[in-house]
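Engineer: Read top to bottom, the protein sequences are chains A and B.
In terms of this note's numbering, the numbers along the first sequence are unbroken and rise by one, the last being 385.
In terms of this note's numbering, the numbers along the second sequence are unbroken and rise by one, the last being 605.
Treat the hints with caution; some may be incorrect.
What the hints assert, rightly or not - Calculated cross-link-like contacts (lysine to aspartate or glutamate; reagent style EDC-like; alpha-carbon spacing at most 16 angstroms):
(1) B/K61 with A/E237
(2) B/K571 with B/E253
(3) B/K571 with B/E249
(4) B/K22 with A/D318
(5) B/K158 with B/D147
(6) B/K212 with A/E44
(7) A/K262 with B/E60
Derived by calculation from the structure, the hints in this document are not laboratory data.
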Amino acid sequence: MARRNARRKKTEYFFDYTLLFVVLFLLGFGLVMIYSTSSYEASLTYNDPAYYLKKQAFAAALGVVAMIVVSSIPYHLWEHFAVIGYVVSAVLILLVLTPLGRESHGARRWLNLGLSVQPAEIAKLGMIIFLASLVCNMGKAIKSTRGFMTVLGAPVPICAMVYLITDNLSSAIIIFGIAVLMLFVSSPQYKEFFLVGLAGVAGISLLIFTITKLAGSGKLGFRGERILAWLNPEAYASGKGFQTLQALYAIGSGGIFGKGLGQSMQKLGFLPEAQNDMIFSIICEELGLFGAVAIILLFMLLIWRCMIIANNAPDLFGALLVVGVLGHFAIQVILNIAVVTNTIPNTGISLPFISYGGSSVLFLMIEIGLVLSVARGIKFND
Amino acid sequence: MSDYAENKKKNKTAHRKKICILCALCFGVFLYLIGRLSYLMIGCSEYYTEKAQDLHERERVIKAARGKILDANGKVLATNRTVCTISVIHSQIEQPEQVIQMLARELSVEENVIRKRVEKVSAIEKIKSNVSKEIGDRIRTYEYAGVKVDEDFKRYYPYDTLASKVLGFTGGDNQGIIGLEVKYEEYLKGKNGTILAVTDAKGVEIPSKGEKRIEPVPGKDLQTSMDLNIQMYATQLAEQVMEKKQAEAVYLMVMNPQNGELYAMVNIPEFDLNNPYQLNQMDSVSANQLSGKEKQDALNRMWRNGCINDTYEPGSTAKIITAAAGLEAGVVSLEDTFHCPGYIVVEDRRIRCHKTTGHGSEDFLHGTMNSCNPVFVTIGLRLGVEQYYKYFKQFGLLQKTGIDLPGEASTIMHDPKNMGLVELATVSFGQSFQITPIQLMTTAAEMVNGGNRVIPHFGVRVIEEVDTDTGKSQKIKRFQYAQKQHIVSEETSQTMRYLLEQVVENGGGKNAYIEGKRVGGKTATSQTLPRGSGRYISSFLGFAPADDPKIMALLIIHNPKGTYYGGQIAAPVVRQLFENILPYRESTVYAIEDN
Numbered sequence: 004m005a006r007r008n009a010r011r012k013k014t015e016y017f018f019d020y021t022l023l024f025v026v027l028f029l030l031g032f033g034l035v036m037i038y039s040t041s042s043y044e045a046s047l048t049y050n051d052p053a054y055y056l057k058k059q060a061f062a063a064a065l066g067v068v069a070m071i072v073v074s075s076i077p078y079h080l081w082e083h084f085a086v087i088g089y090v091v092s093a094v095l096i097l098l099v100l101t102p103l104g105r106e107s108h109g110a111r112r113w114l115n116l117g118l119s120v121q122p123a124e125i126a127k128l129g130m131i132i133f134l135a136s137l138v139c140n141m142g143k144a145i146k147s148t149r150g151f152m153t154v155l156g157a158p159v160p161i162c163a164m165v166y167l168i169t170d171n172l173s174s175a176i177i178i179f180g181i182a183v184l185m186l187f188v189s190s191p192q193y194k195e196f197f198l199v200g201l202a203g204v205a206g207i208s209l210l211i212f213t214i215t216k217l218a219g220s221g222k223l224g225f226r227g228e229r230i231l232a233w234l235n236p237e238a239y240a241s242g243k244g245f246q247t248l249q250a251l252y253a254i255g256s257g258g259i260f261g262k263g264l265g266q267s268m269q270k271l272g273f274l275p276e277a278q279n280d281m282i283f284s285i286i287c288e289e290l291g292l293f294g295a296v297a298i299i300l301l302f303m304l305l306i307w308r309c310m311i312i313a314n315n316a317p318d319l320f321g322a323l324l325v326v327g328v329l330g331h332f333a334i335q336v337i338l339n340i341a342v343v344t345n346t347i348p349n350t351g352i353s354l355p356f357i358s359y360g361g362s363s364v365l366f367l368m369i370e371i372g373l374v375l376s377v378a379r380g381i382k383f384n385d
Numbered sequence: 011m012s013d014y015a016e017n018k019k020k021n022k023t024a025h026r027k028k029i030c031i032l033c034a035l036c037f038g039v040f041l042y043l044i045g046r047l048s049y050l051m052i053g054c055s056e057y058y059t060e061k062a063q064d065l066h067e068r069e070r071v072i073k074a075a076r077g078k079i080l081d082a083n084g085k086v087l088a089t090n091r092t093v094c095t096i097s098v099i100h101s102q103i104e105q106p107e108q109v110i111q112m113l114a115r116e117l118s119v120e121e122n123v124i125r126k127r128v129e130k131v132s133a134i135e136k137i138k139s140n141v142s143k144e145i146g147d148r149i150r151t152y153e154y155a156g157v158k159v160d161e162d163f164k165r166y167y168p169y170d171t172l173a174s175k176v177l178g179f180t181g182g183d184n185q186g187i188i189g190l191e192v193k194y195e196e197y198l199k200g201k202n203g204t205i206l207a208v209t210d211a212k213g214v215e216i217p218s219k220g221e222k223r224i225e226p227v228p229g230k231d232l233q234t235s236m237d238l239n240i241q242m243y244a245t246q247l248a249e250q251v252m253e254k255k256q257a258e259a260v261y262l263m264v265m266n267p268q269n270g271e272l273y274a275m276v277n278i279p280e281f282d283l284n285n286p287y288q289l290n291q292m293d294s295v296s297a298n299q300l301s302g303k304e305k306q307d308a309l310n311r312m313w314r315n316g317c318i319n320d321t322y323e324p325g326s327t328a329k330i331i332t333a334a335a336g337l338e339a340g341v342v343s344l345e346d347t348f349h350c351p352g353y354i355v356v357e358d359r360r361i362r363c364h365k366t367t368g369h370g371s372e373d374f375l376h377g378t379m380n381s382c383n384p385v386f387v388t389i390g391l392r393l394g395v396e397q398y399y400k401y402f403k404q405f406g407l408l409q410k411t412g413i414d415l416p417g418e419a420s421t422i423m424h425d426p427k428n429m430g431l432v433e434l435a436t437v438s439f440g441q442s443f444q445i446t447p448i449q450l451m452t453t454a455a456e457m458v459n460g461g462n463r464v465i466p467h468f469g470v471r472v473i474e475e476v477d478t479d480t481g482k483s484q485k486i487k488r489f490q491y492a493q494k495q496h497i498v499s500e501e502t503s504q505t506m507r508y509l510l511e512q513v514v515e516n517g518g519g520k521n522a523y524i525e526g527k528r529v530g531g532k533t534a535t536s537q538t539l540p541r542g543s544g545r546y547i548s549s550f551l552g553f554a555p556a557d558d559p560k561i562m563a564l565l566i567i568h569n570p571k572g573t574y575y576g577g578q579i580a581a582p583v584v585r586q587l588f589e590n591i592l593p594y595r596e597s598t599v600y601a602i603e604d605n
């Protein structure tokens, strides 16, 4: 009893080791998979099999440091930067148009700030802080339609900029999705969300129907063709369906137990972006259904821990911050796995902590830092 | 507790509920995705694995050895030689300069030609094929990375030009193009094997994944009835007469009239089977001036087997048809007497005999010995159009012989409805219709072998080497050739043998007479169309022994210069042939004769 009391005195605040362990495991596992998927191509292109691994390991190390720093800063500090964060996000996106912007893979999405950074990643974090702060300041007004519409409307300018300026639909969807989830938690309404969801489903169905009707008319842009390729990837095997089909080959050929770590065939140049958006299909190929389900379970555990922290957060701001991060992880993991399994049309979304991408992992770690910081605010009291 | 605090707590509970719902929703989607993954990785695993394997595996063909062509004694007439194909794999080359220099030196190809191929960025680039095995082995000993030496088979004919139009040759994929090579393709060709190698997306093999080999199945050997010795000797004789008479072409066929087995088929000029695309009658300068189509036409002419592919007016040798028909119908007998004033009038035409002063009074035997046109015209007229045509058909002349060589030509004969007496008269002594030499010989065989229509052929059996527990053994398949019995009666056949033996002993074929042997035969000399061109075809058809024919030969000389009578220039050649091969044939037992 005495010992327990002593310990309680010592660790007055809660630290979520489970969450930390899950994140570090995913990060380490991601590095292993990046080496596995990229070493063949890297040794051909850069004559260094660890080329991608080194870059990612550096970003991951930076991320861990950032996480520790952020987790030790009281999260209320960020409330003051909510509006500034919003404005800075917008400015950074605009900066992509200046010579600071960097083009890669045919899209201008990066900023060269010593380290190559995607402003969309900053915008996600900025939006989480901004919306948490916005909802807290609204108080009861959130219950009104006006309040509802304000929260829903707040991310629209940023989303539009991400989509129009950096031509990055996936990030725009993620930012808007985070906003909707945060609104869902903060608003006491149910009916509205149900109606919005219903309208969304109806709209998407109508869109798909129209696109199928328009098939072959040549009036469709590349997004329309992606949807056709989604419905029948083998018919578009040499075009828009190529990557999806290659991912399906990888997943399907993995079977229950996989080919073994490092034994993937599809990573040998067959599957484009194997170390990036498509890394999950290589995990399936090498580690099989067991490996894939294990990774999904880890992500579920991560989300579960976030939920516990959100539910026990000392105040609404902290809870909403954690909900925003939770939403971010959940949306990105779900969309990524849905893309590689051809459950939804192909769009570029990376798998958190595992996919190759320096700025992505850095900001994900900062978000984890935020969650840990909120968790520290949880007091053990009877 | 204040109202505010109460409210705040309620709010907090509401938030907690929402967060739980959110979490549950997420977990629901995750479970759905796990279900989807299970479907893909268990249900569709086989399908996608197969597709992926197709994508990752590259096939390399291992060519199957083509079956040999053997003569009746098992001597090899066509076989395979190992040749090499040299290629380079761009991505694997480590010392490009050394490789270029080495290849240029060893293959005697210009350096810049090789440089272009070596420096080209491609998965695999062929440098040269049909390189001899010695050079290929030498290139291998350099052990340069990225240089590939693949062994391959190339058809090889040890006797170069011998029986070129009969054996035929093969094309780039080792497939038969003409002759026996194409006719027996299904037995000779074998089944190619494959090497399945795993490669990356650029086609580079991944050695650690290993190779799967499917061994090739070699082709079966074809054993023919051709006798290398007879073929060589016949070729020699035909070449001699070709040169002596400055002829355009000489055909010489030797057959067993009892079963249709061909011992030899010579078509002078022959061409080089190891070099079948080189025109033999033309120097390379003028050959190079030909257009593509002209060259192809010239090649097709060179490859033509005149014994089978071309028809001609047989002339007097065809009198055996009229004689046999007359005897069968009973409109003529050996004792019948005829009168030849040197011509015969049919309707308004005066048809001349080759002896313009006439043979005078003669019986049928002497009419045959003299090869007297009026005698055979008379027999033809006695038969009439309808009956003559009936026998023509019965003897099998309207059908192809069915020889196992491609491209046999059909007989060109009058339609009986349009056949007047003048046409009948000309047909009776071998003009105004055309048959192939093989058709004439097959018809002659049935007249003297007792009346059986045989199918002339070279292919006797196919031999397959089979691996068994006790070692290699042979599996033999013999071809069956049906005979049509009693095309003419045994009696008529006997009379024909007597008539044709008399032609050689005392008549126009006496130059074929061999002391102590019984030889039968018939000569022919016919002017080619258009008449009066001074071009002749001289021929002699002979068989021995006359009482039980074991061997039959047909020699045809196209457009001989100087003396052109078949009895004078063709008969002596056949005599020489028989003098040599009759004793040889009697003392040899062929490998194909044991069953």
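Engineer: Compare the structure with each hint and give your call.
Structural biologist: Hint-by-hint comparison with the structure:
For the suggested pair B/K61 and A/E237, the alpha carbons sit about 11 angstroms apart, so the restraint of at most 16 angstroms is met. For the hint pairing B/K571 with B/E253, the CA-to-CA distance comes to about 10 angstroms; that is within 16 angstroms, so the pair holds. In summary, the hint linking B/K571 to B/E249 is supported, as the alpha carbons are separated by about 15 angstroms, within the 16 angstroms threshold. Between the alpha carbons of B/K22 and A/D318 the distance comes to roughly 9 angstroms, so the proposed pair stays at or under 16 angstroms and holds.
The suggested pairing of B/K158 with B/D147 holds, with an alpha-carbon distance near 11 angstroms, which does not exceed 16 angstroms. With a C-alpha separation of about 11 angstroms, the suggested pairing of B/K212 with A/E44 holds against the 16 angstroms cut-off. Under the criterion of a C-alpha separation no larger than 16 angstroms, the hint pairing A/K262 with B/E60 is consistent with the structure, at around 14 angstroms.
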